[in-house]
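Peer 1: In order, the protein sequences belong to chains A and B. If you're matching positions, the first sequence starts at 1 in this note's numbering and goes up one per residue. If you're matching positions, the second sequence starts at 406 in this note's numbering and goes up one per residue.
A hint or two may mislead.
[What the hints assert, rightly or not] Covered stretches of chain B (in silico footprint by chain A; criterion: 3 or more residues with CB under 8 Å from a CB of chain A, positions within the stretch not fixed):
(1) 481-493
(2) 500-509
[As the list claims (entries may be wrong)] Residues of chain B clear of chain A, computed beta-carbon distances all greater than 10 Å:
(3) Gln409
(4) Asn412
(5) Ser431
(6) Leu460
(7) Asn515
(8) Val516
(9) Ser549
(10) Asp579
(11) Ile589
(12) Ser607
(13) Tyr613
The set of hints was computed from the structure by calculation and includes no laboratory data. All values reported here derive from a predicted model rather than from experimental measurement. The C-beta atom is built at its ideal place from N, Cα and C for all residues, glycine as well.
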Amino acid sequence: MRLTNLALKELWHRKSQLVSGLLAITLGIAVIVGIRSISVVSEKAVAINLDNLGANILVLPQAASVDNYYSADIDAPTFPESYVEKIVTSTLPGVDNMSPKLTRRIKIGNDNIVLTGILPKSEIASKPIWQQGGLVGNKVSASCAPKPGTEPAKYKDAKLQRKGIDDLAATDCYVGSAIAVKLKLKESSSLDIMGTQFKIAKILPETGTVDDDRVFANLHTVQTLLGTGEQIRAIEIMGCCNEISEGLLGKLRNILPDTRITTIGQIVSTQIETNRMMNKISLVFLIIILFVVSISIGNYIWANVNERRKEIGILRMIGYHKCHIYYILVLKALIMGIVGGIIGYFVGTFASVWLGPQFIGIEVNPIFNLLLLSVVLSIIISVLGSVIPAYLAGKIEPFSNMQED
Amino acid sequence: MIIQVKNLTKTYHHHDGAINAVDNLSLDIPKGSFVTITGASGSGKTTLLLILGGLLGTTSGKMFFNDSEINLHNEDELATFRSNHVGFVMQSFALVPYLTAIENISIALNVKEKDKKKNQKRAFELLEWVGLQDRTNHYPKELSAGQQQRVAIARSIAKNPELLLADEPTGNLDPSLSEEILGILKEIKEKQGTTVVMVTHSPIAAEYGDIKIQLKNGQLVK
Chain A
1 MRLTNLALKE
11 LWHRKSQLVS
21 GLLAITLGIA
31 VIVGIRSISV
41 VSEKAVAINL
51 DNLGANILVL
61 PQAASVDNYY
71 SADIDAPTFP
81 ESYVEKIVTS
91 TLPGVDNMSP
101 KLTRRIKIGN
111 DNIVLTGILP
121 KSEIASKPIW
131 QQGGLVGNKV
141 SASCAPKPGT
151 EPAKYKDAKL
161 QRKGIDDLAA
171 TDCYVGSAIA
181 VKLKLKESSS
191 LDIMGTQFKI
201 AKILPETGTV
211 DDDRVFANLH
221 TVQTLLGTGE
231 QIRAIEIMGC
241 CNEISEGLLG
251 KLRNILPDTR
261 ITTIGQIVST
271 QIETNRMMNK
281 ISLVFLIIIL
291 FVVSISIGNY
301 IWANVNERRK
311 EIGILRMIGY
321 HKCHIYYILV
331 LKALIMGIVG
341 GIIGYFVGTF
351 ASVWLGPQFI
361 GIEVNPIFNL
371 LLLSVVLSII
381 ISVLGSVIPA
391 YLAGKIEPFS
401 NMQED
Chain B
406 MIIQVKNLTK
416 TYHHHDGAIN
426 AVDNLSLDIP
436 KGSFVTITGA
446 SGSGKTTLLL
456 ILGGLLGTTS
466 GKMFFNDSEI
476 NLHNEDELAT
486 FRSNHVGFVM
496 QSFALVPYLT
506 AIENISIALN
516 VKEKDKKKNQ
526 KRAFELLEWV
536 GLQDRTNHYP
546 KELSAGQQQR
556 VAIARSIAKN
566 PELLLADEPT
576 GNLDPSLSEE
586 ILGILKEIKE
596 KQGTTVVMVT
606 HSPIAAEYGD
616 IKIQLKNGQL
626 VK
């Protein structure tokens with residue numbers, strides 16, 4: 001009769017206690033798995049919404065201010081377009097979309113407008129609100145969404161970027177909604193910009209930003225029109241807010257030392273704060289559940305110890321050491337932890353997959369990695385919950401069985 | 406002498422004062438003897454038995470087992486002492502309810518000997534010796550009181566202890582069964598040379614002893 005057999009026999013002997021103990025672990029783990037499964041999907045959804053706020057990093061010439069960027073003055077400084085390639089080839093994690101821009105205030109007729117040269121695909125990718133207007137079918141991935149790790153970062157492939165340039169013909173342009181109204185412009189009509197006829201490919205939906213007062217054309221056409229050569233005024237970057245908080249700006253500064261790199265504070269702080277809040281909520285739930293489950297397990301083991309006082313006394317009487325008693329009790333907790341962890345994972349996964357769409361309106365997929373985590377977590381809380389009762393059980397006097405019923 | 410007790414005192418502290426359950430008691434027990442301890446309730450006989458078995462510490466005085474001073478042992482050493490040298494038979498049988506008869510004997514053997522087959526063989530031999538070879542896989546609740554006590558005795562001698570301590574072993578049994586159990590204890594003493602110390606209320610049971618001790622207020626009367 002080995003100690004392991006003794007523990008198993010004792011577990012099986014008190015089936016109702018076994019069931020109630022397993023139930024406590026199973027429910028605890030199921031809640032943890034359920035919350036985690038749903039929060040992963042929620043985080044993705046929140047991250048996509050955060051990305052809809054637009055680019056959050058601005059790369060400007062060293063001497064430029066953010067005012068220069070927005071005012072698009074004629075004498076505002078520029079820097080070489082090749083800086084885009086520098087960022088692309090660095091394959092920095094967290095740089096999910098880039099949009100190089102050249103802006104200049106010009107006149108069309110008697111009206112002042114801001115002409116903006118863009119690389120269209122990246123421009124559109126960094127402004128998902130335009131996608132909703134039906135410009136392109138490309139969905140933008142969330143820059144802060146949890147990534148599986150194998151998905152290649154956007155703009156790692158320079159060819160992909162060039163393909164984006166080809167999407168906008170050299171003499172096509174997009175017109176901001178406010179300008180379209182002001183100049184009474186319509187889609188597919190033509191627009192004279194500095195003596196060159198452009199076809200209006202799209203009237204952009206209203207965004208409530210400076211973009212509504214802009215005309216967007218192919219960057220290289222704009223460079224030719226303005227005679228700037230291969231210069232740009234800014235690179236807008238949609239950076240992962242987690243990476244920003246982990247020093248993305250510093251890494252960008254190392255790559256482009258003669259530029260001014262700044263964040264669009266409100267967007268970044270909103271993204272970071274939202275992410276922090278999500279993480280904190282998950283952590284609070286986790287701590288509460290761990291605490292409750294540990295107490296439940298401890299309570300179960302302690303009730304079990306009390307019920308077994310005589311048996312423990314018998315074992316101590318015939319020569320079992322305290323460590324044998326600890327071993328038996330902790331082994332029981334370990335077995336229950338493993339079984340409860342596995343059952344809890346499946347219950348939690350099933351509940352979240354089934355309830356997610358019905359109550360939160362999001363599709364939840366099973367996270368298989370959580371199985372291992374569930375079992376490990378379950379073992380840890382079960383064993384931790386059994387430590388104090390096991391310690392107290394070791395203190396049971398070996399003559400406890402001498403007391404008559 | 407297998408046991409020497411010198412000026413042994415065990416004091417219990419209660420809210421209404423201290424009580425000496427064993428009071429300055431000195432005693433020598435020869436190897437291979439059958440000692441019976443009698444006395445009224447509260448006379449200290451069970452406390453003395455617990456101390457002799459290394460189950461309870463002393464307040465003062467000394468206790469030697471084969472010239473080794475047991476009262477100086479720590480808890481682990483006492484557990485090893487019990488495992489190697491002492492067998493216990495209790496009034497309530499002290500069997501583990503979810504283990505079969507043979508398993509109840511095996512758990513005692515398991516502390517010392519890890520060879521499962523060897524332990525099984527020894528446990529079966531002991532069950533055979535107490536006449537329960539056809540009850541090996543019966544649980545305690547499926548056995549009569551006499552049968553349970555026989556399993557308990559088989560367990561107590563599983564490791565051939567030098568000392569067998571019995572606390573009212575016939576207290577829960579009818580007279581004929583009592584006689585049977587006392588016979589087994591006597592046989593253990595005679596065939597194996599085991600020293601038996603038995604606490605009892607029964608004058609008939611007390612007559613089985615070579616040495617008869619009577620306690621009163623924690624002190625030897627005779």
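Peer 1: State for each hint whether it applies.
Peer 2: Verification of the supplied hints:
no.	hint	verdict
1	481-493	holds (count 7)
2	500-509	holds (count 6)
3	Gln409	holds, 22 Å
4	Asn412	holds, 23 Å
5	Ser431	holds, 23 Å
6	Leu460	violated, 4 Å
7	Asn515	violated, 5 Å
8	Val516	violated, 4 Å
9	Ser549	holds, 17 Å
10	Asp579	holds, 18 Å
11	Ile589	holds, 18 Å
12	Ser607	holds, 16 Å
13	Tyr613	holds, 21 Å
Of the numbered hints stated above, those contradicted by the structure are hints 6, 7 and 8, listed in ascending order.
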